[in-house]
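These protein sequence lines map, in sequence, to chains A and B.
All residue numbers in the first sequence are consecutive under the working numbering, ending with 133.
All residue numbers in the second sequence are consecutive under the working numbering, ending with 1221.
Do not take every clue at face value.
Claimed, not checked - Now the stretches of chain B that chain A is said to cover, found in silico as 3 or more residues with beta-carbon under 8 angstroms:
1. 1002-1012
2. 1207-1213
As the list claims (entries may be wrong) - Computed beta-carbon distance windows for the label pairs:
3. VAL983(B) x PRO20(A): 16 to 24 angstroms
4. THR1152(B) x GLY68(A): 49 to 57 angstroms
5. GLN1024(B) x TRP46(A): 44 to 52 angstroms
6. TRP46(A) x ASP1055(B): 53 to 61 angstroms
7. GLU1032(B) x ALA25(A): 18 to 26 angstroms
8. GLU112(A) x THR1152(B): 53 to 61 angstroms
9. GLN64(A) x ARG978(B): 43 to 51 angstroms
10. GLY1119(B) x PHE71(A): 38 to 46 angstroms
11. ALA35(A) x SER979(B): 47 to 55 angstroms
12. ALA75(A) x ASP994(B): 20 to 28 angstroms
Don't read these hints as lab results, they were simulated from the structure.
This structure is a prediction, so every number in the text was calculated from the model and none was measured.
Don't be surprised by glycine CBs; every beta carbon is placed ideally from N, CA and C.
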Amino acid sequence: MGFDQYHEPPDELPAQTRTFARMCASLTEEAEAIGWYEQRIAIETDREAVAVMQNAQGEEFKHFAMDLEYLLRRKPLWREIAEGILFQDGDIVARGEEAEEEAAEDIPGTPDEAPSLGIGGLR
Amino acid sequence: MSHLLREHAPLTGSDWGMIDEEARSRLKVALAARQLVDFDGPKGWSYSATSLGRVTALAGSLVDGVTGAQRRVLPMVELRADFAISREELRAAERGAEDADLEALDEAALNIALAENVAVFHGWEEAGIVGIAEASSNEPIPLGDEANQYPGPVARAAERMLRQGIPRPYGLALGPGCYRAVVETTDHGGYPVFQHLTEITGGPLVRAPGVRGAVLVSLRGGDFLFESGQDLSIGYRTHDEDAVHLYLEESFSFRVATPEAAIALTV
Chain A
11 MGFDQYHEPP DELPAQTRTF ARMCASLTEE AEAIGWYEQR IAIETDREAV
61 AVMQNAQGEE FKHFAMDLEY LLRRKPLWRE IAEGILFQDG DIVARGEEAE
111 EEAAEDIPGT PDEAPSLGIG GLR
Chain B
955 MSHLLREHAP LTGSDWGMID EEARSRLKVA LAARQLVDFD GPKGWSYSAT
1005 SLGRVTALAG SLVDGVTGAQ RRVLPMVELR ADFAISREEL RAAERGAEDA
1055 DLEALDEAAL NIALAENVAV FHGWEEAGIV GIAEASSNEP IPLGDEANQY
1105 PGPVARAAER MLRQGIPRPY GLALGPGCYR AVVETTDHGG YPVFQHLTEI
1155 TGGPLVRAPG VRGAVLVSLR GGDFLFESGQ DLSIGYRTHD EDAVHLYLEE
1205 SFSFRVATPE AAIALTV
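Just chain A, same shape as in the assembly (with noise of 0.2 angstroms):
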């Protein structure tokens, strides 16, 4: 088993940010399966088949959110920023600026978004 989910060496990552690069990966890969699945559905033939892998990119979906929510919970400006683009009309691209820099204006010369000192687990 790989461990390319960090990119610096493990032992030196606190616990927390061990489980955030978990966490990443894991959302690349539910991304990456519901990209595999519409390129297969969109090939297949086979109704039944068809109906069993869209059924399956459901629950990819599911995970997808999932571990995004996760992330969002503990990076308060990526939340800041995701609220000002997701579920929104408009201009995607237009909105993202906006997100970005609304959300740079909520915290002038903050040093880290996360406030904690990052310890988490010791063992």
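Keeping the supplied structure of chain A fixed, place chain B upon it in accordance with the hints.
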């Protein structure tokens, strides 16, 4: 902006970096309980209670034929330790001084870690926390007066845990006096007691400020549950001409799920 109000402190990014790093390094050494129990969270400052999954039946009834019950929860407790940093020391650090005086921060970090250790190992009655030693269903075992006698009682404790189906490895939390004695001592054959105890437990020996005597605990997971609301953080209180007043803060709950998975060793 969080309730810690860090943005309002007259501190630069590098000041905060130095203060946070100093706190982190001091806390990691002293937070013994976190080296041995399960850690869940952090769930955030607004998280108020741990669900226990149990209910208390309510006497009486509002309407005939309808019963009531109330959910039982373990409320988060808050720990807070105030300290002040001299502005002159901060200015010295900005100029590159490597020996800025952060003694008050070091003391606050040690104190809050000590309080956390005491709550986990010996409980905090007012907060509704029962500590590991008090929750244990096993009779305490006397540790003996001399460190070279420790392997005997620790081995008996480990054997008792095994008999109850609690597998190795175990961790041994040692109060500072016991820890020092263990590190300094060899047994009758000249073998280091530290090494001997490590072979008995199969897990770490942890120096645990706040622990009275020692506590042998299971490390299999699921037995001792520390739930963090807000993990240890530094907030801003106020400042004057001479100092910036800050505080260390956390919220947590702790509960023992398996009382037989620990044994207190008394001195």
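Exercise for the section: Any hints from earlier that this structure breaks? Give me their numbers in increasing order, please. Expected result: Structure breaks hints 1, 2, 11.
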